[in-house]
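Taking the hints into account, I'd like the entire structure generated from these sequences.
There are 2 protein chains.
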Amino acid sequence: MSHQPHERVDIALGERSYPILIGPHLLEDDELLSEHIAARNLLIVTNETIAPLYLRPLQTALKQQRTAAVVLPDGEQYKTLDTLSRIFDALVSERMNRDAAVVALGGGVIGDMAGFAAACYQRGIDYIQVPTTLLAQVDSSVGGKTAVNHPSAKNMIGAFHQPRCVIADTATLHTLPEREFAAGIAEIVKYGLIYDPAFFVWLEEHAEALLKRLDSAVIYAVRRSCEIKAEVVGIDEREHGLRAILNLGHTFGHAIETASGYGNWLHGEAVAAGMVMAADLSERLGWLPGADKQRAIALLKRFNLPVDPPRIGAERARELMGLDKKVLDGKLRLVLLRSLGKADVVSDYSGEAFAATMRTHFDTAA
Amino acid sequence: MSHQPHERVDIALGERSYPILIGPHLLEDDELLSEHIAARNLLIVTNETIAPLYLRPLQTALKQQRTAAVVLPDGEQYKTLDTLSRIFDALVSERMNRDAAVVALGGGVIGDMAGFAAACYQRGIDYIQVPTTLLAQVDSSVGGKTAVNHPSAKNMIGAFHQPRCVIADTATLHTLPEREFAAGIAEIVKYGLIYDPAFFVWLEEHAEALLKRLDSAVIYAVRRSCEIKAEVVGIDEREHGLRAILNLGHTFGHAIETASGYGNWLHGEAVAAGMVMAADLSERLGWLPGADKQRAIALLKRFNLPVDPPRIGAERARELMGLDKKVLDGKLRLVLLRSLGKADVVSDYSGEAFAATMRTHFDTAA
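If you're matching them up, the sequences are chains L and E in order.
Position 343 of the first sequence, counted from 1, bears residue number 342 in numbering that gives the first Met the number 0, the numbering being contiguous throughout.
Position 219 of the second sequence, counted from 1, bears residue number 218 in numbering that gives the first Met the number 0, the numbering being contiguous throughout.
For the record, the hints were derived by calculation from the structure and aren't laboratory data.
Check each hint, because a few of them may be wrong.
Since the list gives no way to pick out one identical chain from another, each pair is judged satisfied if it fits inside one copy or across any two copies.
Said to hold, decoys possible - Subject to a maximum C-alpha distance of 20 Å in a straight line, what follows is the list of computed SDA-like cross-link-like pairs (lysine to any residue):
| id | residue 1 | residue 2 |
| --- | --- | --- |
| 1 | Lys211 | Asn263 |
| 2 | Lys153 | Gln121 |
| 3 | Lys300 | Ser33 |
| 4 | Lys341 | Val200 |
| 5 | Lys153 | Ser92 |
In structure tokens, the structure reads:
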């Protein structure tokens with residue numbers, strides 16, 4: 000297949016600038032791929048779920064290049080140094096040199112691992128993302144973050160490494176299970192909440208079309224999400240300030256994910272519940288009107304997302320949040336909402352309000 | 000101890016600039032350390048050989064900071080992803096955050112692993128080098144290269160990550176075994192050969208003082224080596240062109256090291272024999288006068304360095320060189336000598352001359 004219609008977002012990062020191409024059936028578009036993938040030797044990294052669906056079509060479309068593939072087990076629990084070493088083994092045994100590139104075909108876990116492997120192999124080779132989940136398309140496409148987990152902490156070991164291009168094939172989303180699709184929507188809602196009130200309203204108005212996965216709605220939501228993330232990251236590539244607002248709901252979310260064991264709560268689900276907690280704390284601090292918190296909750300619910308965390312206990316959650324990467328100098332910084340569409344990173348909030356939010360959401364109801 | 004006299008080389012890399020401090024007993028100099036190490040939380044990475052000698056003195060001198068230590072087994076064979084994960088375990092269990100730093104106390108293996116761990120932990124924290132071998136002081140202090148080995152290929156997995164400062168304590172060299180000291184000299188000779196004819200002559204004239212490890216001679220040799228490497232690397236931080244001349248003897252050397260099993264030939268020893276091979280090929284190509292090759296061999300011999308590789312077989316060596324990182328696009332680039340003090344990276348040399356050098360040095364004498 001050639002010449003699929005698509006939209007394009009350009010990520011401006013000087014000599015590391017790259018395009019995100021968004022549209023249906025792009026991973027089968029041989030002309031588009033050969034236009035954007037310069038390397039002649041490619042290692043495709045994918046997993047057991049994705050390989051039967053998309054590996055062959057992608058390899059067929061990449062017929063101009065030499066491709067090899069490594070198929071990893073599927074799941075966040077495999078996002079480890081051990082699994083990473085299987086990618087290195089494949090790169091070495093396929094005799095990939097500095098001019099080779101890694102292609103990440105899959106969701107965020109595959110993207111994180113393949114990108115990190117590319118960052119480290121021979122101290123850095125190119126990589127190309129072909130995200131096949133909504134979450135990966137709106138989150139991992141921008142920012143250059145790659146990582147694996149440590150047994151005690153998520154994304155503890157990683158690198159900043161920008162892709163050469165991102166091929167976001169929206170047709171792949173039709174095979175995505177409902178829960179995973181919804182988890183991607185959670186991050187999309189996040190972009191509206193932290194940065195763009197108009198986009199939040201657009202989401203309220205197009206919830207139906209998005210739930211039906213209509214091409215036009217999905218393409219717009221992915222594009223707008225990438226644009227917002229690019230704007231935030233472009234201002235602050237290495238996460239010193241503004242970029243932290245992208246972590247809305249994530250600090251609470253990490254506690255949820257860790258307590259439940261990686262993979263039992265999807266990342267987006269944990270973020271959804273975490274965003275509600277951030278909204279709750281924002282309301283307690285008098286920043287966010289209660290009605291706006293309710294609008295956020297209502298929108299998340301329409302997308303079938305959880306708005307309440309599991310009762311893991313406030314004490315335990317606090318402990319789990321203590322090792323979180325976002326702790327700077329012993330102080331817990333949180334992303335909170337000034338209004339729908341505006342977030343701030345703060346650490347001088349009232350500890351009492353924080354404790355109340357923690358108790359309300361993590362402790363067993365009295 | 001405070002206020003030890005020392006020399007200083009400044010590595011100019013914009014906002015990642017850092018100083019190399021060179022002199023005796025610097026790792027015990029509490030004032031110097033607190034002046035140059037900003038982080039309040041430090042993980043010292045060292046090995047079983049170095050720890051009994053220098054860990055306590057260093058921790059004593061760092062009494063202003065919180066220090067923890069991880070003691071790894073000693074040897075190139077432990078420069079693996081598995082050992083690396085022990086550093087990550089220590090960083091996590093000591094609750095080191097983004098503001099913490101890793102201190103590499105040891106030789107090149109420790110520096111490479113500790114630096115790579117720092118490059119990856121939370122996607123990059125600071126690190127400080129305290130090199131205790133001559134090789135590490137003249138080689139790893141400059142360039143920002145960090146890595147671990149893959150079972151099939153050296154330094155295959157790594158990152159570019161600059162230290163915040165380097166504390167080259169020349170008193171530590173007095174406990175260095177003779178073979179290791181000589182291996183460091185090999186790299187020092189290399190700097191003369193590739194870049195500085197006057198330094199080569201200085202080495203011929205001060206061989207005796209260096210062999211006796213006299214402070215003034217050692218400090219000058221370390222300083223001049225760091226300066227030369229800094230000049231080369233400063234021009235070409237990411238190894239696209241000129242920097243490759245630093246690999247004089249290394250492509251042949253890698254074959255020697257790999258065939259002998261990591262650690263049986265010291266890196267510097269393999270480089271010494273490899274440099275002789277490079278000189279031999281340079282002579283065959285009519286670039287280097289035979290008398291100059293003999294001067295290089297004579298100088299290496301004075302430092303008790305091997306000038307002939309083991310007879311691993313030219314075919315096997317060629318194969319081992321085939322996966323070398325320096326292969327670009329299937330073509331074997333080599334660093335050769337135009338004269339004593341001037342090197343070039345070339346790939347358009349005569350294949351016949353190359354084969355003759357390989358046969359002469361790797362095949363069993365007829």
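Results for each hint:
no. : hint              : result
1   : Lys211 <-> Asn263 : neither (25 Å within a copy, 64 Å between copies)
2   : Lys153 <-> Gln121 : between (25 Å within a copy, 10 Å between copies)
3   : Lys300 <-> Ser33  : neither (41 Å within a copy, 54 Å between copies)
4   : Lys341 <-> Val200 : within (14 Å within a copy, 67 Å between copies)
5   : Lys153 <-> Ser92  : between (29 Å within a copy, 14 Å between copies)
Comparing the model with each numbered hint stated earlier shows that hints 1, 3 do not hold.
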